[in-house]
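**Q** In order, the protein sequence lines correspond to chains R and V. The first sequence runs 5 to 367 under this note's numbering. The second sequence runs 13 to 647 under this note's numbering.
No lab work stands behind these hints, which were simulated from the structure alone. Ideal Cβ placement from N, Cα and C applies to all residues, glycine included. Possibly wrong hints are sitting among the right ones.
Claimed, not checked - Computed footprint of chain V on chain R, listed as stretches where at least three residues anywhere in the stretch have a Cβ under 8 Å from a Cβ of chain V:
id: 1; region: 12-26
id: 2; region: 43-51
id: 3; region: 166-173
id: 4; region: 178-191
id: 5; region: 313-322
id: 6; region: 329-335
What the hints assert, rightly or not - Pairwise CB distance ranges (calculated):
id: 7; chain 1: V; residue 1: 56; chain 2: R; residue 2: 40; range: 25 to 35 Å
id: 8; chain 1: R; residue 1: 41; chain 2: V; residue 2: 15; range: 49 to 59 Å
id: 9; chain 1: V; residue 1: 197; chain 2: R; residue 2: 209; range: 40 to 50 Å
Claimed, not checked - Lysine to aspartate or glutamate pairs mimicking EDC-like chemistry, simulated, CA-CA at most 16 Å apart:
id: 10; chain 1: V; residue 1: 157; chain 2: V; residue 2: 143
id: 11; chain 1: V; residue 1: 17; chain 2: R; residue 2: 136
id: 12; chain 1: V; residue 1: 17; chain 2: R; residue 2: 38
id: 13; chain 1: V; residue 1: 104; chain 2: V; residue 2: 115
id: 14; chain 1: V; residue 1: 370; chain 2: V; residue 2: 316
id: 15; chain 1: R; residue 1: 40; chain 2: R; residue 2: 261
id: 16; chain 1: V; residue 1: 208; chain 2: R; residue 2: 220
id: 17; chain 1: V; residue 1: 237; chain 2: V; residue 2: 166
id: 18; chain 1: V; residue 1: 640; chain 2: V; residue 2: 594
id: 19; chain 1: V; residue 1: 614; chain 2: V; residue 2: 637
id: 20; chain 1: V; residue 1: 208; chain 2: R; residue 2: 261
id: 21; chain 1: V; residue 1: 39; chain 2: R; residue 2: 220
id: 22; chain 1: V; residue 1: 406; chain 2: V; residue 2: 454
id: 23; chain 1: V; residue 1: 16; chain 2: R; residue 2: 136
id: 24; chain 1: V; residue 1: 157; chain 2: V; residue 2: 192
id: 25; chain 1: V; residue 1: 99; chain 2: V; residue 2: 116
id: 26; chain 1: V; residue 1: 576; chain 2: V; residue 2: 633
id: 27; chain 1: V; residue 1: 202; chain 2: V; residue 2: 216
id: 28; chain 1: V; residue 1: 104; chain 2: V; residue 2: 133
id: 29; chain 1: V; residue 1: 16; chain 2: R; residue 2: 303
id: 30; chain 1: R; residue 1: 49; chain 2: R; residue 2: 38
id: 31; chain 1: V; residue 1: 373; chain 2: V; residue 2: 316
id: 32; chain 1: V; residue 1: 17; chain 2: R; residue 2: 133
id: 33; chain 1: V; residue 1: 50; chain 2: R; residue 2: 220
id: 34; chain 1: V; residue 1: 99; chain 2: V; residue 2: 115
id: 35; chain 1: V; residue 1: 317; chain 2: V; residue 2: 474
id: 36; chain 1: V; residue 1: 547; chain 2: V; residue 2: 533
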Amino acid sequence: MKNKKFDIVLFLTIIIICLFGIIMITSASYIWAEYKFNDPFKFTKNQSFFFLIGLFLMCYISKINYHFYYKNSNKLLLGCIILLILVLIPGIGSIRNGSRSWFGIGSFGIQPSEFTKLALIIFTAKYLENNERDMKSIKKGALPILIITMLIFGLIMLQPDFGTGTIIVMSIIGLLFIGGTKLSFFVKIGFMGLIGITSLIIMAPYRLARILSFLDPWKDPLGSGFQIIQSLYAIGPGGLFGFGFGNSRQKHFYLPEPQTDFIFSIISEEFGFLGIIIISTLFLIIIIRGFKIAINSKELFSKYLAFGIMFQLSFQTILNLMVVVGLIPVTGVTLPFLSYGGSSLLITMISMGIILNISRYQK
Amino acid sequence: MFFKKIHKRIKVIILIILFLFVLIIGKVFYIQVISYDKLNNLAESLWSRNLPIEANRGIIYDRNGLILADNLTTTSLVLIPNQIKDKEGTAKALSEILHVSYEDMLGHVMKISSIERVHPEGRRLDFEIADKIINLNLPGVYLVKESKRYYPFDTMLSHTIGFVGIDNQGLSGLELMYNDYLTGSYGAIKYFSDAKGTRLDLSEVYEQPQNGVNITLTINSELQKSLERELDNAVIKYKPDRALGIAMNPNSGEILAIASRPNFSPSNYQDYSTEEINRNLPIWATYEPGSTFKIITLSAALEEKIVDLDNDTFTDTGGITVEGATLHCWKHGGHGLQTYLQVVENSCNPGFVNLGLKLGKETLFEYIKNFGFGSKTGIDLNGEASGIMFDINKIGDLELATTAFGQGVSVTPIQQITAVSAAINGGILYKPYIVKSLNEPETNSVIMQKEKQIVRKVISEETSEKVRYALESVVTNGTGRPAFIDGYRVGGKTGTAQKVSDGHYMVGNYIVSFMGFLPADDPQIVLYIAVDNAKGVTQYGGTIAAPIARNVLLDAISILGIEKRDGASEKKYNYLDKKYYEIPNVIGLNSKEAIKLLKNFKVEFSGTGNIITYQSPSAGERIYEGEKVRLLLTD
Chain R
5 MKNKKFDIVL FLTIIIICLF GIIMITSASY IWAEYKFNDP FKFTKNQSFF
55 FLIGLFLMCY ISKINYHFYY KNSNKLLLGC IILLILVLIP GIGSIRNGSR
105 SWFGIGSFGI QPSEFTKLAL IIFTAKYLEN NERDMKSIKK GALPILIITM
155 LIFGLIMLQP DFGTGTIIVM SIIGLLFIGG TKLSFFVKIG FMGLIGITSL
205 IIMAPYRLAR ILSFLDPWKD PLGSGFQIIQ SLYAIGPGGL FGFGFGNSRQ
255 KHFYLPEPQT DFIFSIISEE FGFLGIIIIS TLFLIIIIRG FKIAINSKEL
305 FSKYLAFGIM FQLSFQTILN LMVVVGLIPV TGVTLPFLSY GGSSLLITMI
355 SMGIILNISR YQK
Chain V
13 MFFKKIHKRI KVIILIILFL FVLIIGKVFY IQVISYDKLN NLAESLWSRN
63 LPIEANRGII YDRNGLILAD NLTTTSLVLI PNQIKDKEGT AKALSEILHV
113 SYEDMLGHVM KISSIERVHP EGRRLDFEIA DKIINLNLPG VYLVKESKRY
163 YPFDTMLSHT IGFVGIDNQG LSGLELMYND YLTGSYGAIK YFSDAKGTRL
213 DLSEVYEQPQ NGVNITLTIN SELQKSLERE LDNAVIKYKP DRALGIAMNP
263 NSGEILAIAS RPNFSPSNYQ DYSTEEINRN LPIWATYEPG STFKIITLSA
313 ALEEKIVDLD NDTFTDTGGI TVEGATLHCW KHGGHGLQTY LQVVENSCNP
363 GFVNLGLKLG KETLFEYIKN FGFGSKTGID LNGEASGIMF DINKIGDLEL
413 ATTAFGQGVS VTPIQQITAV SAAINGGILY KPYIVKSLNE PETNSVIMQK
463 EKQIVRKVIS EETSEKVRYA LESVVTNGTG RPAFIDGYRV GGKTGTAQKV
513 SDGHYMVGNY IVSFMGFLPA DDPQIVLYIA VDNAKGVTQY GGTIAAPIAR
563 NVLLDAISIL GIEKRDGASE KKYNYLDKKY YEIPNVIGLN SKEAIKLLKN
613 FKVEFSGTGN IITYQSPSAG ERIYEGEKVR LLLTD
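Chain R extracted, bound-state conformation (with noise of 0.2 Å):
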C-alpha cells in the first residue's frame, strides 16, 4: 500500500512556521527570560529543543502506517484520561498559570490535556467508521462519543483548562458534522447552548457585562481589560511595516509572558500589517493542504482522522488570533507552532506526522 511520497510543501511550510516561531519566541521573550532566569535564551533554548525533538517524531511518525493509531485507539485514550486523572492529583501534578494541568520533568513541563486532544480524535476518527450506518441515529450515533467528550472535558475543567476543553469539545463537534450527524442535531445543539446562556444571563446579568467586556477592553483597563489592551498596543502601532525585528517595546515588560498565547501581538508590531499577511498565509498553506489531504484520503478513517487533526489546529488557531485582535474574550489558548510551549509544540508536530503519514496513500 505504501506508494508515494509524502506532502513536500506541507512539510516545509511546517519547518518555516516553527522557525519563525523560534525567531519570534526569542525575540519577545529575551527581556523576560532575562529578567526572570538570569538567561536571555532560555526560553529560544526550550523551544528549540522540543522543535529537534518534535522534527524528528515528524518525520519518524510520517513513517508509521496510520493503522496503528487504528488500533491501539482506545489504549491511547485510556492512558491520556489516566493521565489526566493522574495530573490532577497534588503532589504528582504541579500548577502553573493557575491550573494544575502539568507534569514536571526537570524544568520542562508535560501537558496530558495535550495528548488527549490527539487521542480522542483517533479514537472518534475510528467510532464514526465502525458507526457509519448508525451516524443518521442521535442515539447510537452522536450520543456515546459525546459521553466520552464531556466526561473528558470535566477532567479538563478540573484543572481548570478552558482553551483546552473547549478545542477538544469543539473538534469533536466538527468531526460529528462531517461524519454525517443531521443537521438537525447541531440546530438543537445551538439552541440548547442559546437557552443556557440566556438563562445564564438572566440569572446574574453581570454575566453579559463581563462577556461583552472584550468589546470595550478600557473601561476595566487595569482587570479584564488589561491583556486586550497590552495586546492592542502592540499590534495598532506595528502600523503597515512595524517597528522592524527585535524593536517591540510592548515586550518590555507590558505585555506579561509575551512569548506564550500573545506571541501575535509581538509579531504585529515588529513585522506590521505585512507580517501578518505572511504569517496568515504560512497558516492558510498548512491548513488548505491538510483539509485537501483528508479530502484525497482513500479509507474513511484516515479521512477522519486528517479532517480531525486539521479542524483542531484550525479551531485552535482562530481561537487565539479572535482573542488577540479582540474579537473574542481571553481564553488562554496558544498558537500552533508560535507559541512558546513544550508539549503544543510535541503534539502540533506529532499530529502533522500523522498528516504527513496520510498523504504517502492518497487517491
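On the provided structure of chain R, position chain V as indicated by the hints.
**A** Relative to the frame of chain R, chain V by itself:
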C-alpha cells in the same frame, strides 16, 4: 456517494475557516490602519516618560513694543525615582546641595511615581546650584528648563499688570485676566521606558513647548513713567493716604497711563497686604468727585441750551438756599456778579446749583447716566467698581443741587475720565480699554486687534466745543491756573471733595483732584490726578493736583509730539502770576540796544565784542518774566 457528502461538509468547514481568517485580518487592518493614530498615541504615552519643558509665558508689551513683563530662563530639578539605583547616595548628595533635610530628600527619591519634583527648594534654581547638580551626573536626576516671570520696571503698572505665582499662574491684574492666553502649553523631552520605568535605548523625542500669546497694551511707557514719577514725588511731598492718576486718549478710550499709590513690587507680592495688592485705585476707588463733576452739569446745561456762558449772569452771594438748607460757595462771601463762564472759571457752587435746578432732576440724571456713571465702564481690567448714584425716586431739590456740584454721588476715577473724554471729544462716549492686541508668540504678529468701541453719543459737537472753551478758560483764568502751559492750550477742572466717614463729612480730609486735557482745540490726552488726604498743605485741587497734572502734561507734549497752538484764550494775570513774554530778536544789535529790548528778562553776556551773534532761547520763544537770556558777543 457517502464520500461526496463528507467532502461537501469539509468544504463548508474550509469556507468558514477562510471567512474567519478574513475577519481576523480585517480586524488587524482596522487596528493597525484605521485606529492607528489613537492606539499609537495611547501606547506612546504608555511607553514614554516626559521630562516637561515649561513654555514661556506670553510677553506683555506697551504700545511701542517696550517689554513690561518678560521671562527669565531658569532650571528646575526633576527626579525619576525608578532610575535612581543608589537611593541613599543620591538623596544625600542632593540634600546637601539644596539644603533640604536628608529624610525629606530620601522621601522624594523613594517615591513611587514616574516623575518627582522637589518643591519649592528644587524649583527655579540658581546657576551655581544647577551646575553642581549637573556635575554629580547622577542617573535619574534631571534638570529641566523653567521660565520665571520678570518685570523689568518692577513697581511700574504693578496693579494693572498684576503678578504670577510659583507655577507661573496669573494671580492678579492682567496676568490673571488673560491667564488663559498668556499661559503656553508644556513641551517635553520624551524618552521611552519599559513597564518598570527603566530607560530604553531608543532615541528621545523633543516636543516643542507652545509659548503663550503676547499682549500689547495701550499704555505709553514714557507717559507711564512720567505719571509714576510725579505720583512718587507727590507721595514724598504730601504723604497722602492714597494717590492715583489716569491718562486716556479721549478719541478712542485707550488708557495711556494708569497708576496707584500705594503700589507694590510684583516679584515680592508676598510682602504686601491684600488691600495694597488688589486695589487698583483708578478703577476700584469710589468717592465723591467734587467739582470735577461740574463738567457733567455744564455739558448737560449747554446741550439743553439753558445757559449762555458769555451773556447769562449769576450773582453769587456766598450761598444758596435749597429746601431750607444753605449751600455755601467755597469762597467766603461769594464771587458776586459773574457771567456763567466766570461761574465755571471760579468753580462757583451756587452757580452750578442754579444750573442743576434749571435742568431738573430727570434731565440732569439722564445725562449723568448717559455719561456712564452708576455702571461699570467695562474696561478690560478686573476689580472695577460701579459707584453709587441717588435713587431717582428719592431725589429732592437738595440732592439735585448737591449733585450738580459733585457732592452726594460716588464715582470711580475711570468713570470720570471716560465721561470727561466724551464731554470734550465731540460728545462720543467710548468704552475704555487697555489691551490693544493679542500677538502670536513666535512672530508677534497680531492675532486679535481691539478697536475703539463707541458706547453712545452723549452731547453734540457744538456743545462739546463750548465745554472745551469753558474748561480752557478755567485753566487760563480760573481755579486751574497752576496747570497752565503757555502755548499748548490746556483745559481742565479742579476738584476738592470732602470724604465721608460713618455718614459724616470728615474735617480737614479731602480728595483733591484735577481733570486736565490738551490741546483744548483738539484734545489728544485727558489726564486725571487725585490725591487723598495730602498732609501739611491747604488741600485744594488747584494747589496740589493741578501742578502734578501740569508736569505730566508737559511730558506728554514731547512724548505725544503735540504741536504748539495759536489762538489760545489770553491769560488774565493776577498779582501772583508770573508773566510770559515773547523774546525779541536781538541778533546784530549791540549790547545796550539788547538790554533795552530784553527789559523783562535777565541778560547774561559771554564772549568779547560789541555785536550779538547768537541768542538763547531764540527769538519768538516765550519764557517767564525775569528768566535768563544768554547772548554771545563778537567783534
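**Q** Hint by hint, say whether it matches the structure.
**A** Outcome of the hint check:
1. 12-26: Our answer is that it is violated, as 0 residues pass the Cβ test (under 8 Å) against chain V, missing three.
2. 43-51: It is violated: at least three residues are needed, and the region 43-51 of chain R offers just 0 whose Cβ sits closer than 8 Å to chain V.
3. 166-173: violated (count 0)
4. 178-191: Contact hint for the region 178-191 of chain R vs chain V: holds, 5 residues under 8 Å.
5. 313-322: Result for this restraint: holds, n = 3.
6. 329-335: It holds: at least three residues are needed, and the region 329-335 of chain R offers 3 whose Cβ sits within less than 8 Å of chain V.
7. V:56 <-> R:40: 25 to 35 Å: For residue 40 of chain R against residue 56 of chain V, whose Cβ atoms are near 27 Å apart, the range 25 to 35 Å holds.
8. R:41 <-> V:15: 49 to 59 Å: For residue 41 of chain R and residue 15 of chain V the Cβ distance comes to about 52 Å; the hint holds.
9. V:197 <-> R:209: 40 to 50 Å: 44 Å, holds
10. V:157 <-> V:143: 13 Å, holds
11. V:17 <-> R:136: Satisfied, since the Cα-Cα distance of roughly 13 Å is no more than 16 Å.
12. V:17 <-> R:38: 54 Å, violated
13. V:104 <-> V:115: OK: residue 104 of chain V and residue 115 of chain V at ~9 Å, within 16 Å.
14. V:370 <-> V:316: 10 Å, holds
15. R:40 <-> R:261: 11 Å, holds
16. V:208 <-> R:220: 26 Å, violated
17. V:237 <-> V:166: 12 Å, holds
18. V:640 <-> V:594: 13 Å, holds
19. V:614 <-> V:637: 8 Å, holds
20. V:208 <-> R:261: 15 Å, holds
21. V:39 <-> R:220: Holds, at about 15 Å.
22. V:406 <-> V:454: Cα-Cα ~58 Å, so violated.
23. V:16 <-> R:136: Holds, at about 14 Å.
24. V:157 <-> V:192: Cα-Cα ~21 Å, so violated.
25. V:99 <-> V:116: Between residue 99 of chain V and residue 116 of chain V the Cα gap is close to 12 Å, so the pair holds against 16 Å.
26. V:576 <-> V:633: 11 Å, holds
27. V:202 <-> V:216: Roughly 6 Å between the alpha carbons, so the hint for residue 202 of chain V and residue 216 of chain V holds.
28. V:104 <-> V:133: With Cα atoms ~15 Å apart, residue 104 of chain V and residue 133 of chain V stay inside 16 Å; holds.
29. V:16 <-> R:303: 13 Å, holds
30. R:49 <-> R:38: 13 Å, holds
31. V:373 <-> V:316: Roughly 13 Å between the alpha carbons, so the hint for residue 373 of chain V and residue 316 of chain V holds.
32. V:17 <-> R:133: With a Cα-Cα distance of about 14 Å, the restraint between residue 17 of chain V and residue 133 of chain R holds, given a limit of 16 Å.
33. V:50 <-> R:220: 14 Å, holds
34. V:99 <-> V:115: Between residue 99 of chain V and residue 115 of chain V the Cα gap is close to 11 Å, so the pair holds against 16 Å.
35. V:317 <-> V:474: Holds: residue 317 of chain V and residue 474 of chain V sit about 11 Å apart, inside 16 Å.
36. V:547 <-> V:533: 36 Å, violated
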